[in-house]
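**Student:** Please model the complete structure; the sequences and the hints are all you need to start from.
From first to last, the protein sequence lines stand for chains G, L, S and A.
Here my numbering is used: the first residue of the first sequence is 1421, the next is one more, and so on.
Here my numbering is used: the first residue of the second sequence is 1421, the next is one more, and so on.
Here my numbering is used: the first residue of the third sequence is 1421, the next is one more, and so on.
Here my numbering is used: the first residue of the fourth sequence is 1421, the next is one more, and so on.
Hints are computed from structural coordinates only; laboratory data are not their basis.
Hints are not guaranteed to be accurate.
It does not matter which identical chain is used: a pair holds within one copy or between any two.
[Said to hold, decoys possible] Straight line, CA to CA, 20 Å or less: simulated SDA-like cross-link-like pairs of lysine to any residue:
| id | residue 1 | residue 2 |
| --- | --- | --- |
| 1 | K1646 | L1668 |
| 2 | K1479 | S1631 |
| 3 | K1700 | H1785 |
| 4 | K1437 | K1783 |
| 5 | K1555 | D1476 |
| 6 | K1555 | I1438 |
| 7 | K1777 | T1484 |
| 8 | K1630 | S1481 |
| 9 | K1479 | G1522 |
| 10 | K1565 | S1613 |
| 11 | K1479 | T1638 |
| 12 | K1757 | S1478 |
| 13 | K1565 | A1643 |
| 14 | K1783 | Q1458 |
| 15 | K1630 | R1475 |
| 16 | K1465 | E1454 |
| 17 | K1461 | Q1429 |
| 18 | K1479 | G1519 |
| 19 | K1783 | E1747 |
| 20 | K1520 | R1466 |
| 21 | K1465 | Y1786 |
| 22 | K1777 | L1563 |
| 23 | K1461 | K1783 |
| 24 | K1479 | A1770 |
Protein chains: 4
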Amino acid sequence: MSSSLVCVQDYEEQATKILPRNALDYYRSGATREITLQENKDAIKRWYIRPRFLRDVSKRSMQTTVLGHTVNVPFGVAPTAMQRMATPDGESANARAAGKIGTVFTLSTIATTSIEEIASEAPDTLRFFQLYIYKDRAVTASLVKRAEAAGFSALVLTVDAPHFGIRLADLRNKFTLPPHLGMANFQTGDEKSNRVNTSAGGSGINEYVKSLFDPSLTWDDVAWLKRLTHLPIVLKGILTAEDALLGLKAGATGIWVSNHGARQVDGVPPSIEALSEIIKAVDGRCEVYVDGGFSEGTDIFKALALGARMVFLGRPLLWGLACGGEEGALNILNILKGELDSTMALSGCASINDITKDMVIRKDHYSRL
Amino acid sequence: MSSSLVCVQDYEEQATKILPRNALDYYRSGATREITLQENKDAIKRWYIRPRFLRDVSKRSMQTTVLGHTVNVPFGVAPTAMQRMATPDGESANARAAGKIGTVFTLSTIATTSIEEIASEAPDTLRFFQLYIYKDRAVTASLVKRAEAAGFSALVLTVDAPHFGIRLADLRNKFTLPPHLGMANFQTGDEKSNRVNTSAGGSGINEYVKSLFDPSLTWDDVAWLKRLTHLPIVLKGILTAEDALLGLKAGATGIWVSNHGARQVDGVPPSIEALSEIIKAVDGRCEVYVDGGFSEGTDIFKALALGARMVFLGRPLLWGLACGGEEGALNILNILKGELDSTMALSGCASINDITKDMVIRKDHYSRL
Amino acid sequence: MSSSLVCVQDYEEQATKILPRNALDYYRSGATREITLQENKDAIKRWYIRPRFLRDVSKRSMQTTVLGHTVNVPFGVAPTAMQRMATPDGESANARAAGKIGTVFTLSTIATTSIEEIASEAPDTLRFFQLYIYKDRAVTASLVKRAEAAGFSALVLTVDAPHFGIRLADLRNKFTLPPHLGMANFQTGDEKSNRVNTSAGGSGINEYVKSLFDPSLTWDDVAWLKRLTHLPIVLKGILTAEDALLGLKAGATGIWVSNHGARQVDGVPPSIEALSEIIKAVDGRCEVYVDGGFSEGTDIFKALALGARMVFLGRPLLWGLACGGEEGALNILNILKGELDSTMALSGCASINDITKDMVIRKDHYSRL
Amino acid sequence: MSSSLVCVQDYEEQATKILPRNALDYYRSGATREITLQENKDAIKRWYIRPRFLRDVSKRSMQTTVLGHTVNVPFGVAPTAMQRMATPDGESANARAAGKIGTVFTLSTIATTSIEEIASEAPDTLRFFQLYIYKDRAVTASLVKRAEAAGFSALVLTVDAPHFGIRLADLRNKFTLPPHLGMANFQTGDEKSNRVNTSAGGSGINEYVKSLFDPSLTWDDVAWLKRLTHLPIVLKGILTAEDALLGLKAGATGIWVSNHGARQVDGVPPSIEALSEIIKAVDGRCEVYVDGGFSEGTDIFKALALGARMVFLGRPLLWGLACGGEEGALNILNILKGELDSTMALSGCASINDITKDMVIRKDHYSRL
Ligand SMILES: Cc1cc2nc3c(=O)[nH]c(=O)nc-3n(C[C@H](O)[C@H](O)[C@H](O)COP(=O)(O)O)c2cc1C
Ligand SMILES: Cc1cc2nc3c(=O)[nH]c(=O)nc-3n(C[C@H](O)[C@H](O)[C@H](O)COP(=O)(O)O)c2cc1C
Ligand SMILES: Cc1cc2nc3c(=O)[nH]c(=O)nc-3n(C[C@H](O)[C@H](O)[C@H](O)COP(=O)(O)O)c2cc1C
Ligand SMILES: Cc1cc2nc3c(=O)[nH]c(=O)nc-3n(C[C@H](O)[C@H](O)[C@H](O)COP(=O)(O)O)c2cc1C
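**Tutor:** Laid out in structure tokens, this is it:
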């Protein structure tokens, strides 16, 4: 397998051929017309890398820290729901791959593998838990406590999903989880939180979210969460300077710039555009991460140059899992590592700190010379 | 039907398959090269939505008012001619659908259903009458009086059609109304205003318009109309700040920014571009509406954020009518309602008032950061 | 024929089907990669028309004057070489069509119909003579004298062709005139000026030009020409403000902005872009014309709004001639007339004077609002 | 052959048909997604030529000097590795063609023809030697000495290749040199420098470079090189003003702006964009050359206008060699010469000095008028 698949796009093409339609569409889709899905990628390409030469790049390191934890590469695994549709051991395979390369794995609230399973399957992997807040706050509080108990290192509170976005393919497919899979974090007790059923009217997952997630969330709930846990809180889904500042005020330890892989509202800013705005507003007062449309080493390099501390990847790992389970996921991470290493070598950067703001420039810049 | 058609574009594709060529072309066409037809849509996509999070969006309302009348959604039905080519009960079906969702229906002067029929078929629907001024001012005055008598709530004076634009497909098809249909507002008395005949030289509808509409209209005629009626007057087709200001001076109650669905002159500004210019000029002194190329919830959201009070839809309703008569039209309105609701939920807007100017930004903005 | 061909593009497509490859390629081609050929058109589309309404457009006139001569429409026929490849009576048919619609016809030096034939075939048509200056100045002087004698009203000195541009199709075809045709203005005496022969190495017409035209021309030669003739001199092919000002200084009566239909150097400014620059520089001190890529009424309207006095058309007439001889050429002119009339009616312009600068705006303008 | 291939693109298309896949891919590829490969070309097209007329262009010369040596044309041959895959006498054919037209040929370190062979096969050609610095400095020093001894006129130190970029096709093909070819500059003694072997993991050439080239190079090594040789040193691969200034300081005699034909990092500036920035920084203090995506006369003209002293061509010569050996290479050079000559004639430039900065303008310029 791995020998003929040499880049993330190869994996995507291969996954497109082998995944069942239902799962493929769920993984691949963006909201409505999917313009942002494409723009996430295009916007990254509108930045140029300004390589510097005749610097000693014989010894290179991609090591950095995230929330104080050392990672071998400045990119990690974003939370994506229901990874067992891609490969039997879904989230576990993904988490083990992240561990092998030495970076962070983020587990989704609506995973098909539970908090505890991940902890036991990937004990040495740095793990974050992505939190959706349920109307039933007891459910939420229990998730937080379980993540703490299982040795997760941070809570990633996703703020952009009071509801789920409209994804046309899921509507057409009346998307639902295959019968043998469930929301693993709710396997005991809360039956309705566990199942994603076919419904008369459309996407099963959207109905699940509509009935259980809490759309009345406000900044006060961040305060509630902070009181509930000693874990650092990262806010995921921020797209404006305004919200980033509110996040800082609310005590967030990290801001994760994201448009949820273009799955919520079509027509929001591409994440790399939002990144610049937010980096400027935050001005170093907390760590800033980004995801959305990153699929090669140069993409990651650009985000780092713009000031992101980590880049996260969603779909690329799903393609890796679909093509080869844990080995596939690890291949993806290794491809990206190799590409980023090459970009650094060929741009005069021996360490992450060398990837400074002046190493990128907007394409439009030249039309103003 | 409705279950597999999940967005306006699905309806458009389906309508394209089932409408007779003659009618399809008449409905679909824009002027000459149809560049503006495409740009109306593209220009909307050049705006980004800046979503805000952690605001309570558990209870949302799309209610607003138009000329003092409460409507459930901030979008309504634009006047389009001759809807009975799409479905047997044409305009009536459309008007009933608008009523069911709780918004305004605008009847065209050159409809295939008369003022009085609409009033009796859709008595509870908020109705506007779109007026073309005929050379024969007695004809015009009678239309106005009949609209008043039939309980219409406003006159929409279309200013952009002294003639009709050049639509190549209609020229090729020598477009004319099917024999069983007529201009329903002229069924008694004025035979020549009723018929659209095949002619030797080209589009029958263009010849109709050329022989009957008054191309000598000036701002004085707005004054004449104001004296004639107690109904509020909305000027439809304004594309420049200059004309919007003249409209205000002439006592218009509303300005309806429109390029007539790109059907008059190819190469005029996309309507959303004209909207910004006009909102700025009008500066809150009257209500401003817009139409042209809107086909999903995010599109409507953007126009509202830019300052439009209502967005109107032309072709989308024709596709709905063609695919399923009244039910099809209602599906269209419900799809848009659902999409707008989703956009509001995912952008932190619980009510129309929350959709403020800072929630949108031009794509180009980022290249200036 | 004419009934199914309703726009210039229809004629172009039809001509593409029926013209012999050799002639079609010669007519259609632009220089090398033909990027400017496309950009001439695209650049026009980057301008928007800002239509004004409620102005009396019941009586409209397109009349204007060119060099003091009244014409019925603000557009005319550009010089194109060797029109008899398109239809047996080539330039004569074209000149008669121009006369019928009431506008100017420009005869090329390298026409397949002579100065005298045109004068006798189209005596009532306003005629300009396009001049190429031959190394043999006696040849040139004789052309000028014959044009004067034959009642031509102006000399159009083409400045952009010391050589001919590289047109790949002509190189591949080893383009040459069909044997029964010759350079009609040289039928007596100067045999080598008459023939375009196949050559070993490439395009016959390019070799013709290389051996006969004078590439040593300077502004002094304009002075020489002015002394030689009482006719007004129009400089055709100007693309920069600098050259326009030199032209004014040299006593030109008109500046004809043109990139020779994108046939000389690929990568020069689209003519409508050069027009703005030149209008500004000339500042009303002489008449300014433009050609290049104009193919519908709105195109012409835009150039007039930008300040051009006349728009000229090259290829569109060739397509007309190919499809229907004189009638075809006349159809082209009538289509453009109808389209321009429609554009004026729908933009609030009753006369050419109403087409002012504020009626157009660059597309980019909106991104700066 | 030559008669039907009339431009560089024709040669490229023909070469694509006849080269073995392995070689074609190696020659053609750019790094990863190959966006820069396309942008190198597109960016050149974003500049317009502003032609001037009525200047005497009857006698034209393209002569200029490079590092004090007179050349007949302002463009030369860039170093490309392993030309014997294209035609049996590879680099020799290329060097002879360059000599025939009167310009410079640059020999790659990793050529399939040795320094000494080139000197004896093309004794009259102006020759530069492109240097890669090997970890084994004795190897490097010996190359320099051999180039000096063989009468090469300059050292072109390629600074952008501490490693080779990631080229997906080579990874897929596990690219390696055909068995009968070797790195000719290393045929004696250093066996491992001579062979490019298939490897388990990917591109053979990349492994060759990784194991032998020195990625610890710094500006100090330029100083070392200067002490080693009396030849002028040109730095090839500079893409930023910062590095250009460091190059000046280090005593470079020329700066060769290049992104290595888009083969190192995808997403760096197109070379013509970098050129402007660097010309400005260098401000005449040394000669500046450029390569990357140049494939017609107008392209070269634009770079000269922007301030480049020479333009270099890589792939075009490979296509020429593939289609017709030395004759093919010469045809390429003659096509470009003819096209540049035509561009000069049609832009009012009789000599290279006439090609001034004001003769080009960015496309975007017009949107600011
Ligand atoms: C199939 C799928 C499921 C996702 N599920 C979640 C989720 O459960 N929680 C969450 O916060 N984000 C979720 N996301 C968003 C990702 O965390 C991430 O923001 C996005 O995938 C990044 O874009 P990329 O896929 O282009 O890398 C999901 C994304 C995808 C594609
Ligand atoms: C088939 C058709 C017929 C129309 N007839 C009228 C009409 O009779 N009166 C009028 O004022 N506008 C008419 N319009 C313009 C519409 O009111 C509206 O401005 C336009 O359709 C909005 O663009 P959209 O179709 O992209 O939504 C018509 C438009 C179409 C497509
Ligand atoms: C086939 C052809 C022949 C031409 N011959 C001449 C000519 O003899 N003299 C001249 O000044 N311009 C000549 N031109 C240029 C035209 O006068 C005019 O500038 C150009 O065609 C305008 O562009 P358009 O074809 O897009 O309308 C020729 C153009 C074409 C297409
Ligand atoms: C097949 C190939 C091999 C190359 N080998 C070398 C090389 O050995 N040394 C070097 O400095 N540049 C090398 N280059 C880069 C060229 O010198 C030059 O920068 C590039 O080809 C210019 O772009 P162009 O191919 O678009 O003209 C190579 C380029 C290609 C395409």
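**Student:** Decide, hint by hint, whether the structure agrees.
**Tutor:** Taking the hints in turn, this is what the structure says about them:
no., hint, verdict
1, K1646 x L1668, "within (13 Å within a copy, 54 Å between copies)"
2, K1479 x S1631, "between (53 Å within a copy, 14 Å between copies)"
3, K1700 x H1785, "both (18 Å within a copy, 15 Å between copies)"
4, K1437 x K1783, "neither (35 Å within a copy, 34 Å between copies)"
5, K1555 x D1476, "between (55 Å within a copy, 13 Å between copies)"
6, K1555 x I1438, "neither (37 Å within a copy, 46 Å between copies)"
7, K1777 x T1484, "within (17 Å within a copy, 40 Å between copies)"
8, K1630 x S1481, "between (45 Å within a copy, 17 Å between copies)"
9, K1479 x G1522, "within (19 Å within a copy, 44 Å between copies)"
10, K1565 x S1613, "within (17 Å within a copy, 60 Å between copies)"
11, K1479 x T1638, "between (47 Å within a copy, 13 Å between copies)"
12, K1757 x S1478, "within (16 Å within a copy, 43 Å between copies)"
13, K1565 x A1643, "within (16 Å within a copy, 62 Å between copies)"
14, K1783 x Q1458, "both (18 Å within a copy, 14 Å between copies)"
15, K1630 x R1475, "between (54 Å within a copy, 16 Å between copies)"
16, K1465 x E1454, "both (18 Å within a copy, 11 Å between copies)"
17, K1461 x Q1429, "within (12 Å within a copy, 24 Å between copies)"
18, K1479 x G1519, "neither (23 Å within a copy, 43 Å between copies)"
19, K1783 x E1747, "neither (37 Å within a copy, 40 Å between copies)"
20, K1520 x R1466, "neither (33 Å within a copy, 42 Å between copies)"
21, K1465 x Y1786, "both (15 Å within a copy, 14 Å between copies)"
22, K1777 x L1563, "neither (39 Å within a copy, 38 Å between copies)"
23, K1461 x K1783, "both (14 Å within a copy, 15 Å between copies)"
24, K1479 x A1770, "within (6 Å within a copy, 53 Å between copies)"
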